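Colleague: Sequence:
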Amino acid sequence: MPGQLKEVRNRIKSVQNTQQITKAMKMVSAAKLRRATERITQMRPYANKLTEMLSNIASGSDVTIEFAKEREVKNVLIVVVTSDRGLAGAFNSNIIKLAKQVISEKFEAHNKAGTITILPIGKKGNDAFRKGYKMHSEYVGLFSQLSFENAASVAEWMFDAYSKKEFDQIEIVYSQFKNAGTQLFRTERFLPVAKTPGSGKSKINYIFEPDQETLVNELVPKILKTQLFKVLLDVNASEHGARMTAMDKATENAKELLKDLSIKYNRARQAAITTELTEIVSGAAALTGR
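-1 is the number of the first residue of the sequence shown in my numbering; add one for each residue after it.
Please note that a few of the clues may not be correct.
[As the list claims (entries may be wrong)] DSBU-like cross-link-like pairs, simulated, lysine-lysine; straight-line CA separation at most 30 Å:
no.: 1; residue 1: K24; residue 2: K132
no.: 2; residue 1: K163; residue 2: K95
no.: 3; residue 1: K193; residue 2: K104
no.: 4; residue 1: K47; residue 2: K223
no.: 5; residue 1: K121; residue 2: K30
no.: 6; residue 1: K247; residue 2: K95
no.: 7; residue 1: K95; residue 2: K132
no.: 8; residue 1: K30; residue 2: K163
no.: 9; residue 1: K47; residue 2: K193
no.: 10; residue 1: K104; residue 2: K132
no.: 11; residue 1: K30; residue 2: K4
no.: 12; residue 1: K47; residue 2: K110
no.: 13; residue 1: K162; residue 2: K98
no.: 14; residue 1: K30; residue 2: K193
no.: 15; residue 1: K98; residue 2: K72
no.: 16; residue 1: K121; residue 2: K247
Treat the hints as calculated values from the structure; they're not laboratory data.
Keep in mind that this is a model prediction, so the values were computed, not measured.
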């Protein structure tokens, strides 16, 4: 019986230590989430409007846009954006699952032919696709120094690879931030630039200054860089929201487990006391009987 009490006490102490850790991680994630939320909420309207403008220009411009040219898809690059760390519930596994679904459903023939390359941003994605796929792992640790300049360097590498026809289509798989408890797992085409559905000409007439060709060729890469940076900010905020939610649930689970263990400990202690009293009474009765 003393051994059982000691075991329960050790379990209670272990759960209490775990609860302190999860509570601290929740508070840290909440602080990081506030900053990450401010960045993505400020960036998203601007990035979405630029993306809409880019799509309209690609659909209606008389200028040939290199990054909007459709061609036969022989080689595919899939950018998988995950976090560097775990303890965020099913956040990373859902992104990885979606990426594998895209490969199996949309690019099955390319996968069999071995013409798919994975560009992981985030260590979890790199670990998941390390075996069985061609990898370009130069930008795995991008989240350790998340900035527009670093995002732009990734975009420039993709521009160069696309221009050299190393890849004919580039897809991004990521998580769009909605709120702390909700992430929307999405895939979108990065290159070639998606055109506005419908007619081949844009319904919006833009006034270009100084001239259409100069402005379009200067504007398109900058919009694409902004689009990629927005994706990274989305994933960054989603990660902290998912981790905060996961740590909150873990803290609540630890609280419930402590209740159950306390009841178990009290019952074991009561049983031990009852056993000791019974032994004492039995011993006293035996002495009296002499």
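Colleague: With reference to the structure, classify each hint as holding or not holding.
Modeller: Hints, verified against the model:
1. K24 x K132: violated, 36 Å
2. K163 x K95: holds, 28 Å
3. K193 x K104: Status holds; Cα separation ~19 Å.
4. K47 x K223: Between K47 and K223 the Cα gap is close to 14 Å, so the pair holds against 30 Å.
5. K121 x K30: holds, 19 Å
6. K247 x K95: holds, 23 Å
7. K95 x K132: With Cα atoms ~18 Å apart, K95 and K132 stay inside 30 Å; holds.
8. K30 x K163: violated, 39 Å
9. K47 x K193: Cα-Cα ~14 Å, so holds.
10. K104 x K132: Status holds; Cα separation ~17 Å.
11. K30 x K4: At roughly 39 Å apart (the allowed maximum being 30 Å), K4 and K30 break the hint.
12. K47 x K110: The given pair, whose Cα atoms are some 38 Å apart, is violated under the 30 Å limit.
13. K162 x K98: holds, 26 Å
14. K30 x K193: At roughly 36 Å apart (the allowed maximum being 30 Å), K193 and K30 break the hint.
15. K98 x K72: With Cα atoms ~18 Å apart, K98 and K72 stay inside 30 Å; holds.
16. K121 x K247: Given that 30 Å is the threshold and the Cα spacing comes to 24 Å, the pair holds.
The structure is inconsistent with the numbered hints 1, 8, 11, 12 and 14, although it conforms to all the rest.
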